[in-house]
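Colleague: Quick note, the sequences are listed as chains A and B, same order. Residue 60 in this note's numbering sits at position 60 of the first sequence; the count goes up by one each step and never skips. Residue 249 in this note's numbering sits at position 249 of the second sequence; the count goes up by one each step and never skips.
Hints in this document: simulated from the structure, not taken from any laboratory. Wrong hints could be hidden among the right ones.
To be verified - Okay, the calculated beta carbon distance ranges per label pair:
(1) B/P158 <-> A/P118: 51 to 61 Å
(2) B/S202 <-> A/S18: 31 to 41 Å
(3) B/G214 <-> A/N5: 30 to 40 Å
(4) B/S319 <-> A/L205: 48 to 58 Å
(5) A/L80 <-> B/K280: 36 to 46 Å
(6) B/G124 <-> A/I3: 31 to 41 Å
(7) B/L50 <-> A/I3: 35 to 45 Å
(8) A/R212 <-> B/N41: 54 to 64 Å
(9) B/V192 <-> A/N67: 53 to 63 Å
(10) A/T206 <-> B/K239: 46 to 56 Å
(11) A/V79 <-> B/G124: 30 to 40 Å
(12) B/L50 <-> A/G22: 25 to 35 Å
What the hints assert, rightly or not - Every beta carbon over 10 Å from chain A, so not counted as near; a handful from chain B, in silico:
(13) A80
(14) V88
(15) D95
(16) T120
(17) G121
(18) K125
(19) S155
(20) K157
(21) G220
(22) T225
(23) T301
(24) L320
Predicted model, so just to flag it, every value in this text is computed and none were measured. For each residue, glycine too, the CB sits at the ideal point set by N, CA and C.
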Amino acid sequence: MSIVNDTAAWLTDPDHWSGPDGIPHRLVEHLAVSGAAVGIACLIALPIAFVLGHTGRGGGAAVNLSNASRAVPTFALLVLLAATPVGFGNRATVVALTVFAIPPLLTNAYIGVRDVDPEVREAARGMGMTGRQLMRRVELPLALPLVAAGIRTVAVQVVATATLAAYVGGGGLGRLIADGFGRADPAMTAAGGVLVALLALVVELTLAFVQRRVTPGPVRRRVRPLAPPESAVVPPAV
Amino acid sequence: MRSRDLLVLLALTGTLAACGGSSGGGSVSSGSSPAGSSAGNELVVLPDDLHLQTVDNVVPVINAKAASPKLEEALNKSIAGLTTDDLVGLNKQADVERKTPAAVAKGYFDAKNIGTGLPTGGSGKVVVGAANFSENQILANLFVLALDKAGFSASVKPVTNREVYEPALERGELGVVPEYVGTLTEFLNKKVNGPNATALASSDLQATVTALSGLADKKGLKVLTPAQAADQNAFAVTKNFATANHLTKLSDLKGYSGKLVLGGPPECPTRPFCQPGLEKTYGLKFSSFVSLDAGGPLTKTALKTGKVQLGLVFSSDSSLAQL
Chain A
1 MSIVNDTAAW LTDPDHWSGP DGIPHRLVEH LAVSGAAVGI ACLIALPIAF VLGHTGRGGG
61 AAVNLSNASR AVPTFALLVL LAATPVGFGN RATVVALTVF AIPPLLTNAY IGVRDVDPEV
121 REAARGMGMT GRQLMRRVEL PLALPLVAAG IRTVAVQVVA TATLAAYVGG GGLGRLIADG
181 FGRADPAMTA AGGVLVALLA LVVELTLAFV QRRVTPGPVR RRVRPLAPPE SAVVPPAV
Chain B
1 MRSRDLLVLL ALTGTLAACG GSSGGGSVSS GSSPAGSSAG NELVVLPDDL HLQTVDNVVP
61 VINAKAASPK LEEALNKSIA GLTTDDLVGL NKQADVERKT PAAVAKGYFD AKNIGTGLPT
121 GGSGKVVVGA ANFSENQILA NLFVLALDKA GFSASVKPVT NREVYEPALE RGELGVVPEY
181 VGTLTEFLNK KVNGPNATAL ASSDLQATVT ALSGLADKKG LKVLTPAQAA DQNAFAVTKN
241 FATANHLTKL SDLKGYSGKL VLGGPPECPT RPFCQPGLEK TYGLKFSSFV SLDAGGPLTK
301 TALKTGKVQL GLVFSSDSSL AQL
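When you get a sec, could you build the whole thing from the sequences and use the hints?
Modeller: So this is what it looks like as structure tokens:
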């Protein structure tokens, strides 16, 4: 029980809430690294997935390739990056986490677009929509729930994994864990763990809310929710 | 309904883009160094002119319950002839020539014929702890070779640092660790006499060892015979930084008014011969501390790329030039 008390004491100590080593600063660093990684991954993965999903070509190969890249251990990638001009620290962590985040985003977005009912597509074509209009007005809105699900999953995973930055000279909440271990201060380590878990939870709940808002009404109100294909990465139903 | 969905989508994209943009702020290092910054090629050690560091001779420390005459004799003889120059040479083999600590230890063991003259007839298992820097791992492997020759069944157990392995040594999970007289004295001093205890370590080896033995006794540890070889904390900057700011010794840094970032292992901000010592004895003010490794490649790269201006290294590091 004493580790629980010690951790609570560490978290409520006002000294730990100020300065460059304080919780707010570490939190901001952590969110910055995570946000950058998810943001860049979205910018890379989503356009590719949308185009592939819309044209229906090459998607299978892209999904397989991105899934295979999930086997790359993020920490090993960080160590390898240290030998390149990318170096180490927060910047290298953003790069490694972006690589980590791309596969689920790509897969989900591609499947989201592919899965649009062919009859809806046909109807849209029949109405005279061009390819671009089809994509913008039909496919993207219908794919949005799955894309949002992908972003939500990835964001939580990235927030949890961004603790690695601390091991390569970076910042973030992982520093509480790593420095606590190096100084044999279990309360500090546990506090770091608790904060990361809480942050992941907050991110999950926030994005769950966003995902719910972004799901078109009729889709959301369906009595039996449409089961996504097995290969899609989806968190539990909202 | 359509416009609402689009608004939410825009908000989502905007938030993500903003997140991406905000990462360009101070916490993410740019890596490229502007002209006149501390990046440069060679690393130089700034001499410890105010004598912050104390005598840090290598000494085997054992759990008192594991003590036996043969164990102690084997350990003492293994480092009896070890000089600081030897240590620098051994570190060079590990860090520059990239030999494993076990291979380096074996090379030294064979070259100095340490096997002859060791006692025999020892028995039992001995676990030798090794901290996370190559020199300590070499020394631990050297102990293992000596103990094995004396009949024990010894093995190396890598542990991170003193904060982690010293309690393990007290509990008996480790039997032996290669230690450094001055630093261990102050570590135990703070543990036994409280965080504000007066310093017991000094530049007098004999006096420090006597103080250390007394402290070790209180913790169920036993200190053996120190070697001539010593390795203490040292602080390095790049050659360019030293020249640009006219630094010839560590106390010259007091006049430096630019951004001073310290790099070292995670325990540095709480260790008296590291950050607190620099702040107290030298009056230095650091804008921040970056957690790296103990005098290893991460620290050296951080110095060379300008991520930190002052980095912790070890005085027995072979690759450092002296000013």
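Colleague: So, for every hint listed, does it hold in this structure?
Modeller: Results for each hint:
1. B/P158 <-> A/P118: 51 to 61 Å: Once the Cβ atoms are compared, 59 Å apart, the range 51 to 61 Å for A/P118 and B/P158 holds.
2. B/S202 <-> A/S18: 31 to 41 Å: Taking Cβ atoms as reference, B/S202 and A/S18 lie about 36 Å apart, which means the hint holds.
3. B/G214 <-> A/N5: 30 to 40 Å: Given range 30 to 40 Å: holds, Cβ gap about 34 Å.
4. B/S319 <-> A/L205: 48 to 58 Å: For B/S319 and A/L205 the Cβ distance comes to about 51 Å; the hint holds.
5. A/L80 <-> B/K280: 36 to 46 Å: holds (40 Å)
6. B/G124 <-> A/I3: 31 to 41 Å: holds (34 Å)
7. B/L50 <-> A/I3: 35 to 45 Å: Since B/L50 and A/I3 have Cβ atoms about 40 Å apart, the given range 35 to 45 Å holds.
8. A/R212 <-> B/N41: 54 to 64 Å: holds (56 Å)
9. B/V192 <-> A/N67: 53 to 63 Å: holds (57 Å)
10. A/T206 <-> B/K239: 46 to 56 Å: Because 49 Å falls inside the window, the suggested range holds.
11. A/V79 <-> B/G124: 30 to 40 Å: holds (38 Å)
12. B/L50 <-> A/G22: 25 to 35 Å: This hint holds: roughly 31 Å between Cβ atoms.
13. A80: With a cut-off of 10 Å, B/A80 remains clear of chain A, as the shortest Cβ separation is near 32 Å.
14. V88: The claim stands: B/V88 keeps its Cβ more than 10 Å from every Cβ of chain A (closest is about 26 Å).
15. D95: holds (16 Å)
16. T120: Per Cβ check, B/T120 is outside 10 Å of chain A; nearest 38 Å; holds.
17. G121: Given that every Cβ of chain A is farther than 10 Å from that of B/G121, nearest at about 37 Å, it holds.
18. K125: Per Cβ check, B/K125 is outside 10 Å of chain A; nearest 25 Å; holds.
19. S155: holds (23 Å)
20. K157: holds (16 Å)
21. G220: holds (18 Å)
22. T225: holds (28 Å)
23. T301: violated (7 Å)
24. L320: holds (20 Å)
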